[in-house]
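Residue numbers (our numbering), protein chains in the order written: chain A, 1 to 323; chain B, 1001 to 1320.
Calculated pairs, DSBU-like style, for lysine-lysine (alpha carbon to alpha carbon, straight line, at most 35 Å): (1) K132(A) with K180(A); (2) K33(A) with K1129(B); (3) K37(A) with K1131(B); (4) K129(A) with K213(A); (5) K124(A) with K213(A); (6) K39(A) with K1129(B); (7) K1131(B) with K36(A).
Under 8 Å between C-beta atoms, here's a sample of chain B residues computed to sit facing chain A: (8) E1098; (9) F1130; (10) I1190.
Between beta-carbon pairs, the in silico distance windows are: (11) S1279(B) with E162(A): 17 to 27 Å; (12) A1061(B) with L17(A): 43 to 53 Å; (13) R1216(B) with S318(A): 27 to 37 Å; (14) I194(A) with S1088(B): 32 to 42 Å; (15) P1236(B) with P307(A): 32 to 42 Å; (16) G80(A) with R1228(B): 49 to 59 Å; (17) I60(A) with L1079(B): 49 to 59 Å; (18) R1216(B) with V23(A): 17 to 27 Å; (19) G214(A) with S1092(B): 46 to 56 Å; (20) V19(A) with S1279(B): 34 to 44 Å; (21) P1236(B) with K180(A): 42 to 52 Å; (22) E128(A) with A1061(B): 35 to 45 Å; (23) E128(A) with L1227(B): 33 to 43 Å.
None of these hints come from the bench; they were simulated from the model.
Glycine included, C-beta positions come from ideal geometry on N, C-alpha and C.
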Amino acid sequence: MRTSDLIEKIVQVGIGLAVFAAVIGLILFLADKAPKKAKDVVQLVVFLAPAIILLAIGLIYPAIRTSILAFSNKAGDLIGFDNFVWIFTQPDAVRTVTNTIIWVICVPLISTMVGLAYAVFIDKSRGEKVFKALVFMPMAISFVGAGIIWRFLYDYRGADREQIGLLNQIVVWLGGEPVKWLQTEPVNTFLLIIVMIWIQTGFAMVILSAAIKGIPTEQVEAAQLDGTNSWQRFTNVTLPGIRSSLVVVITTISIATLKVFDIVRTMTAGNFDTSVIANEMYTQAFRANEPGRGAALALVLFVLVLPIVIYNVRVLRSQKEIR
Amino acid sequence: MTSTPVAAPVDSDVDQPGTTKAKRVKTRLTSRWATIASLVIAVLWTLPTFGLFISSFRPEAEIKGNGWWTIFQNPGFTLENYREVLFSASSSSPQLGEYFVNSLAIAIPATIFPLVLAAMAAYAFAWIKFKGSNALFVFIFALQIVPLQLALIPLLQIFSGILQPFQESVGDALNIPTSNYLQIWIAHTIFALPLAIFLLHNFISEIPGEVIEAARVDGASHGQVFLRIIIPLALPALASFAIFQFLWVWNDLLVALIFSGGTSEAAPLTQRLAELTGSRGQEWQRLTAAAFVSLVVPLIVFFTLQRYFVRGLLAGSTKG
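Modelling step: build the complete structure from the supplied sequences, incorporating the hints.
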């Protein structure tokens, strides 16, 4: 990197921040100086307008445009449901949809189960904080970084050479032949799913751990006095006590999983039958020059996410009312 | 057992506040098997990162020749990998230094812009009375369900059709450098707004009304109230959201892929890494070090600001 490049970049950021500060400062100042009669209206507009305008231009209008685009072909003519027919009939596209469904079943289920078990096991143990940090850490890492970490673990070398990928080394230690994991269908999809589970388990664990600590001690003690064993206490006291948190965790992870893009992009780029909807959307719209198909896939994603989000919001609402 | 147990309804799923830690009796839920299981999980979860970390300090021949678990049979330590990916000017090296600067140059404004705009809007919703306030707020809240995928194609068209020509003519007229930073900042700002407004509104609306009323009676304008009272009082919430947004932008790949243009002029680390894994997926001496360069910032944030980090993450986990 040349120094002049660096200076140029710093200048750009500086100008960006300065212009932003100047604009905000100026409109706040002018609103203060507005004539008394109109002052309240002017101030309201000043506070709300920037956000509203940006949302209208950058989110509402584009969402409507995309919805129309989903029913258009490359030339922009309306073609009805052809793009959706393509999604649900072309073998590759169908594969993409099935993969997404496999993802959204496996990831929330397994990461919640592992996260819950871990949260219960380490509850009130010594070094709980360290234990938590270890499993929660992947949450801070980018999906791209996680992709590289796991690609290294899945790396393949011919049987005549020393393995550098841990998974294949374990296979060799057990007396097997090394496998080209990421190119072997259908196991590759599950290997990508493991990466997502690895990331999301920490999230499940932290939330569920907080919920477990919120269960009144009296309930646990009462159950203990009744002579129950720890499994019975888990199913009769802990599980009912954290039900609403469980719902939030599962729905949140489901939404994140439906939109998963970076992991697939980094590890296989969607090749070898591993594509998912969000990745295919990018490929069709920005690589294959098929914006109509891309838009249709985005719309399918929206339809899949919608009910989960609504359910999640309702649970969060009712939880708030209880508190 | 120190306290007399009270018969509590076992099937109730209502969280009762007020049970303090001191009151809590040590229960022996954790048996030996549970300890072993949690140790196994902890090791499994740490091992992949650990392996990559160790490898990033091994010489190229060692990384490519044998596994990192044989480090004791094949010792070797070098910082060459990091030097190469960060500072080498040769065209075959990843030249991450530039992309690191880009990541910072994208993430800092893309955190500040939505934070300020959302705080202003949140203040208006909470403390300026107007007709339709509630309906508008619910509408903005509802915008969170729009996946950003749904906005990408038209937004790119708007940017390349209107924003870029405008930016270039202004840049030419004033003789200042321009790049795709601007459109990435704007895109991130827009996508962050619904969640940010919602979260900050929750916090700002709970600031005691008397404080604001008193200032208003004394003749302070909304602008003054916002700058002198709201911002200082809302700092914890602002910090939590800022951390969440910073990490979200730092770790983002999709928005960067579409709006950065892909060159070292504006592309962030994540995009460069994704590109490297695609084109040079077997050069592990570079990939391992490169991955850690991108992980350093989030990990520092994670370990130093863990409390804010967790809070921000929990609040923002449905974003995207």
